[in-house]
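S.K.: Each chain, letter by letter, is given below.
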Amino acid sequence: MSKRKPYEFAKPEKSGKVFWTSLEAKADPEAFQARAAAEFPEGVVPDGLVNSESLTLKRRTFMGVAGAAGALLGLEGCVRRPKENILPFTRQPEYVVPGVALHYATVVRSAGEPLGLLVTTHEGRPTKVEGNPQHPSSLGGTDGYTQAGILDLYDPDRSKGPAKREGEALVDTTFAEADAALTGLAGKLGQGAKLRVLTAPSNSPSFLKAQKDLLAKFPQAKVYSYEPVSSANRRAGTKLALGQAADVSVNYRRAKTVVALDADFLGTEPGAPRASREFFDARRLSSPRDAMNRLYAIEPGYTVTGASADHRLRLAARDAGAYLKAVAAELAALGVLADIPAQGEGDAATPAVSFEALRGAVNGAKAPATVPAQWVKSVAKDLADPAARGRSVIVVGTRQPAEVHALAFALNAALGNLGRTITLTSALDTDVGSATDGITALAKDLSAGAVDTLVILGGNPVVDAPADLKFGELLAKAGTSIHLSEFRNTTSTKVSWHIPRAHALESWGDLRGSDGSYAIQQPMIAPLHGGRTDGELVAQLAGARFWRAHELVRGTARELLPGDGFEQQWKNALHNGVARDYQPAALGNVALATDALAAAARTLTEGKSPLSSGNLEVNFAADPALYDGRHGNNPWMLELPDPLSCVSWDNAAYISAATAKELGIENYDVITVKSPEGASVDIVTWVLPGHTDNAITLHLGWGAENVGRYGDKVGFDVFPLRSTKSFGFGDGFTVAKTGKRYMLSQTQETHSMEGRPIAIDASYEEYKEKPDFAEYRSPVLSTLPLWTEVKYEGHRWSLVIDLNACSGCNACLVGCQAENNVPSVGKEQVARGRDMYWLRLDRYFVGEDEAAPQVAFQPVGCQQCEEAPCENVCPVNATAHSPEGLNDMAYNRCIGTRYCMNNCPYKVRRFNFLNFTGQVPETTRMMYNPNVSIRMRGVMEKCSYCVQRIQESKIAAKRDARRLRDGDIRSACQQACPTGAITFGDLNDPTSRVAKLSKLDRQYKLLPEVGTQPRTSYLAKIRNLNPEMQG
Amino acid sequence: MSDDAPIAAIGETRLLPEHVSSKSITDSVSRVTETRAPRGWWYLFLAAAALAGGLGLAIAYLVMMGIGTWGNNSPVAWAWDITNFVWWIGIGHAGTLISAVLFVFRQKWRTSINRFAEAMTIFAVICALIFPGIHVGRIWHAYYMLPIPNQMGIWPNFKSPLLWDVFAVSTYFLVSLLFWFVGLVPDFATLRDRSTSRVRQMVYGVVALGWRGSNRHWRNYERAYLILASISTPLVFSVHSVVSFDFATSVMPGWHTTIFPPYFVAGAVFSGFAMVMTLLLISRTVFGLHDIVTMKHLELMNKIMLLTGTLVGYAYGMEFFIAWYSGNPYERYVFINRATGPYWWAYWSMITCNVISPQLFWSKRLRTSIPVMFVVSIFINIGMWFERFVIIVTSLHRDFLPSSWGNFSPTIVDIMIYAGSIGLFFTLFLLFIRWIPMIAMAEVKGVLPGAQPHHAHHDEEHEHAGHHAPVAAPAE
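Residue numbers (this note's numbering), protein chains in the order written: chain C, 469 to 1499; chain R, 8 to 483.
Don't take every hint at face value.
[Stated by the list, open to error] With the Cβ distance kept under 7 Å, some of the chain R side facing chain C (calculated, not the full set): (1) Gly-73; (2) Gly-75; (3) Gly-144; (4) Asn-164; (5) Lys-166; (6) Pro-269.
If you are wondering where the hints come from, they were derived from the structure by calculation, not from laboratory data. Even for Gly, the Cβ is constructed at its ideal location relative to N, Cα and C.
Work out the full structure: start from the sequences and follow the hints.
M.R.: Have a look at this one:
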C-alpha cells in the first residue's frame, strides 16, 4: 500500500451523494465512446456566425491561398491598415463628453412585467443596460432577456421602413405615404364595426388610454389581446376567486415556505428579477443561526426554479391542479381551511369568509397516482405550520388554467397570506380572459368576415397563434391589415401594410407593474430606422392631433400623477426611473367568491387517460433565451446555453431517460411529435435528467422563418403543435422515430462532478453541525509558492459568489457579454468547444436519484489567482499581475501560444480561434463598449473583473479627491445578477461587503490544492431539506 | 589496439567486410551524387514535394483564417501542432546522439550511419521548428518570443518554459547544423575533386572551404569536430529535457510529472533510432550500401532501441504507479482515463508500438531480420507520435473541472500539415541523398583496417614527446 496519506476528498457526512457521469456514458459506454471519439454525431453540418462555408476550401479561396502561399515565402507581415478619416464635432452637444458615459433611467417590458433600468450611453449610443435599484421590479437586478435587448436594438435585420403590399410582394414605402394611407383608412371606418386591433396584453397606461380613445371614436371596434406567453390565466384566476380583476404581486421576502406549482418564478415567469432577489434574500445565510426559507417545486420540465428548490417533484402539468386539490384537502384536514371571521373596522375591514363550499369541494381529493404520499402530507404540514401563518405562498405557473390559480388564491387567503406575502392592486386593464380568448375571438370574427381592417400591434400571430385557429389563412380575409413590427417577420409578409416599430430604448412609453409601480420609459436614442410605438399607431388611427408618444405619455402622466407640481414630478419620475408619487386606484373591498371557487376546485381532477409512452403530455414553455421568439435574431440569446441542458443554438424535445428508453430514442435522434389534432413537428431529442416521465417539454420561439440572418430556421418551430386546447400543455401526444440524427452543440458536455469538490453543497442540518464544511472538502495546500509572494498594499480586488443565491438564470452571462464585447461564435464553433463566455455557468447534476437529480450551478469566471499558473508560462509576458492583484491581459502583446489556456485549471481563458468580430455588421458595432478593446483573431482573452469599471471608478474618486467607497465598483455580472449572488470589492477594506463575505463560514476556494490562491471565493450552497421528506 | 577495445569487447574485429577499400567507399558513396537520379528517386521526390506543397498551402490557409482551422479548442488548446513538434524534435535526437555521444565514447561503428543520422536531425528539427512558429495565433508577432531590444522595453518572460524551448531548440539546431557541416567538409572536397563539370566544381569548391587534406587541416578538423561533439553531447540531453519542461512545469495532471526529462530523452533517442533505421534500410537497399552499413550496425541499433523502448515502457509504468502512489485524485483520473477513456485506442496503440514491439529484439534471429526491424521501426515511429498525442490531448481533454471537458478531432488542415511536414522531411532528405555524400566517407575510411588517421592518444603521446608527427601511424 501507498505509505503516503491518501488525498481523498472529504465527502458530505450524511448524504452519500452519487456523482454523475454523463447519462449516455452510463447507458451505453461503448456507443458513447464511439460518439465521443467522433465528436460530431452524424447528422447535418451545422452553421452559425462563422459558417462552415467560410472554412471549406472553394476554388476562389484556393487561388487566394495559393497566391498568399507564394507571397508568404517572400515577405511577411507587411500589413497596411486602411486609411480612414475621423471628424470632430463642430458644435459639441451639451453634456456629451467623448469617453464619458451618461446614464439614464427608463423602463422596459420583460416577460410581461416592467423592469426598471439604468442605461449607459456613450456619445448617444446606448451600450449597456443595468437594473435600476429604485425600481421595485428590478431592485438593481435584471434578467438575460433585458441584457440582450440592447443587441436587438442594433439588430441589422430590423425593419428599416414601412412597406405596403403590391400583389405578392411587400414594397418599401415612406412614412409619409403610410401616414396618408392610415388617415385615409381611419376616415372610412365609420363606427368601426369592422375594425379590429390585436395587441399584446398591455400594462402601459398611455397605451390603454389611447386604446380607450380609439374605442370612443369607433365604438363598435374591438381590441383583442394575445401573446404566446402571457399571464392572462393568472389574472383570470384572480378574477374567478375575487369576482373582480386585480393585479397580484408576491413578496417572497416574507415567505418562509414557497410552493411553486408548475411555476418558473425565478426564470421565465413575469417579474422574475424581483422574485429572485426577494426569494434569495429570504435564504441569505451569514451564519447557521440565520433563518432560511424552503421551496417546494412541482414541475414537469426542469427549470431553474426546480433547480433552486429544496424539494422538487416531477409531475405532469395536467396533474398540477389535482395535486393542489389534494394539498387543499390535507390543509382542510389540518384545520387551515377554517372560516375566517370578519375583522377590523372601516376601510381596513375584511369581511367574513366561509370556506365551507370549498371544503366540500376538496374533501377526499386524492393526489395523482405518481405523487408520493409525503409530498401532500409534508407540504401541507409545512404550509399549515402556525408559526408560518401569513408567511407562506403558493404560486402557480401562468400556463395553468384559471381554476388552479383560483384554488391557489383561495388557499393563500386561507393561509393568511393576503396582504402579507401577496399584495393585491387594482388592475389597469380590466378586460380579463384566458390566454387564448382574444385570439380565438379574433379568429371567429375573421372567419365570419366581420373584419375589414385589422391592426396587429407587434407580435407574430401568423406563427405563434394556436395552430388550430389557422390564423395565417384567416388573415387574408381581413380587407386591410396593418402590422406594426420591429422585424419584417412572417406576419409582416402577409399583411397589406407593414410599419416599423420603435424599440423600447428608442421610444417614449410608460409601464405599470402588477405591484402598482408606475415608471416612464424614455428614449435613449432616436429611432434608428424611424418607427412608431403601439400607442402612436392607435392614436393616429383614432385621429388624435397629438399622437406622438411623448405627448401621449405626458398626457397620461398628467392624469395619473396627483398634485400640482407636474413638471417636477415628471422630472423626478424620469430621473428616478419610477414615479414615486403615483398611487394605484384603490382596490375596494376584497371578498372571496367562495362558491365560484368551490365550483372551480371541483373541475380539478387527475387526467383521465393515464400518461404513457403512447399518450404523452406536451408542455409548452417560454424559452430561457428566446422567450416566445422575440429574441430570435439575437446571437447572444441564440448562443446562450439552456441553463439545464446546456444546449446552445437550438431547442430540443426534453424528455426523461425512462421515457426515452421506452420510446427507443436517444440524444440527437430526430423524432416526430404528433398532436391529438394531427399536427406534427420534427424535433431533436434531448434526455434531461429530472424530467417527468411520459412528458415532453417544448420550448417556444425557435425555428421560425423570416427572422433574420442569425436566427432563420435555427432550432425547431413547435408552434404548429400548440392548439387552443393544449395552449399551456396537453396530453394525447405521440412520438415516432424518424431515423434521422441532428447535431446539437452544448457548452458543457459532462454533467457530473466526478466526486470532486467543485460546486459544494450541504443540507441546512449539515451546515448547522459543521458550518465550515466547505473548506474541508479540499485538502489544504502544503507546498510553498514558486515565487516570492506579493503583499498587496493598495486595493485587493475580490469577487465572492454565493452559490446559495445563484438561480442559474444566465443574466450574468449576457451582462458580461454586453459589457465586455464578447463575441458570439455560432453553433459549429460552440460544438467545437470555442465559445467565448468570459463568465460561464457550470451545471452539475447531483443526488442519489438518477431519475430526479438535484442541480448545482456555479458561475465560473477568471479566479484572478495570486499565483496564476497562466502567467509564468506565457513566453511574451502578455498576461501579468497588476499591483492590485488582477491577472491582466495585454491583448497587443499576446501572440496566442495558448499555453496559458492549457495551464489554467479553471479553463476560463478564451481564445479567438477565428475572426469572431470581423463579420459583425456596422450597426451592431454601435453597441460596443468603447472602454473594452475588441480582440482580434489569435488573441487570448478572459474575465478581467471588469477592469475598465475599476479604472473608471478610480478616476472618478481621484477627481473628487475621495477614497473609493465600497460598492462604487460593481462588476457587470454583479450588476446583472437579479439575486445578488455576486459581490465585488476590496479585500483590503475590512468594512467592505466582499471582505465580510469572504470570511463567512461557508466560504471556499475552487481547487485550492493546485496552489493558485484564487481571489474569487465561493459560498457553498445550502439546501433546506424537510426531514420528513427524506427516506 | 586500445582504440578498438570497445568494438572488440562486443565481439567484433572488423566493422567492414574485407573487400572494402578506400576507393570502393569513395566510389560507392560519390557515385550516388554523380549519376543521373534513378526513376524511383523522381517518383519519391515528386510525391514528397507534393506533400510539402500541401504543407505550404495549408499553412497559408491557416495564416489567413486562424487557428480555428485546426481542431484545437478549449480545453484542448494544443493538439497535433505540439504533438508534431515534439515528435519531430524527438526524431531529431538520434542524429546528434549517434554523431556526438558515440563519437565521444569512441563507438566507431557509428561512422557508417552518422551522416545519415545528422542529416535526419537537421531536417527533423527544421520540420519541428515549423510548429512553434505556426501554432501561435498571431504568427506575424511570433518574434515577440525572441529577446530583441525594443522601444516598449518588454523582454520575453524568462520564466516560461516555452521561451526555454525557443533557446534550447534553436541552439540545438545551430550546433547540429555546424556539426554536420564540419563533418561534411572533407567529403565535399572529395566530391569537388571528382567533379567533371564546372558547376559542380564551383559549388562543391565553395562548400569544401578550400580543404586540401593537409595535416594542419586534419588537425583543426579533428579539434573542431571534437569540440562540437562535446558541445552537442549535453544538448542531446538538454533539448528534450527542456521540451519536457513545457509539460512538466505546468499544473495539469498528466503533465506535472518529475519523470518527464529522462523519460522524454529516452523516448527521443528511441524514436530517433527508429527513424534512422527506417531511412537507412531504404537507402541501403536502394543504393546497395550493404558493405558499409552491415548487419552488425543494424543489430547494434536494434539493441539501443530495445534498451530505450524498455526505458520508455518503464516510464509509462512509473507514471501510473505515481498516479496511484501520490494519492492525487486528479492525476489518478487522468491516467485511468488515458487507458480507458475516449482516447483508449491512442494509449494502447502507443503501448503496443513502443513497449511491446521492440521486445522482439530480445531474439537474435528477429533483431537480425531486415523485414522485422523495418516493421518494428515503423511501429516505433507511429507509437512515438501517439505517445505525444496521448500526453498532450488526453491530459488536456479532461482536467480539473468536468464542466470544461471536451474532445478533440482533427480537421483536414491538421492532417495536411502533419502529412506535409513528413513530405517536407522527405523532400529535404531526397535532395540530401542526391547532392551530399550520404555516408561520411572520410570517417568510414578511418575505421578501415590500416587507416587510423586520427587518434587522440596518439596526439597526446606526440605532445608528450614534444614532437609533431605529420601523419598518424598505421594502427596495426
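S.K.: Next, verify each hint and record whether it holds.
M.R.: Against the structure, the hints come out as follows:
Checking Gly-73(R) against chain C by beta carbon gives a least distance of about 4 Å; that is within 7 Å, so the hint holds. Hint status for Gly-75(R): holds, given a least beta-carbon distance of 3 Å to chain C, under 7 Å. Hint status for Gly-144(R): holds, given a least beta-carbon distance of 2 Å to chain C, under 7 Å. Restraint check, Asn-164(R) versus chain C: the minimum CB separation of about 4 Å is within 7 Å; hint holds.
The restraint placing Lys-166(R) at the interface with chain C holds, with a minimum CB-CB distance near 4 Å, inside the 7 Å limit. At about 22 Å, the closest approach between the beta carbon of Pro-269(R) and any beta carbon in chain C exceeds 7 Å, and the interface hint on this residue is violated.
Hint compliance for this structure: hint 6 alone is broken.
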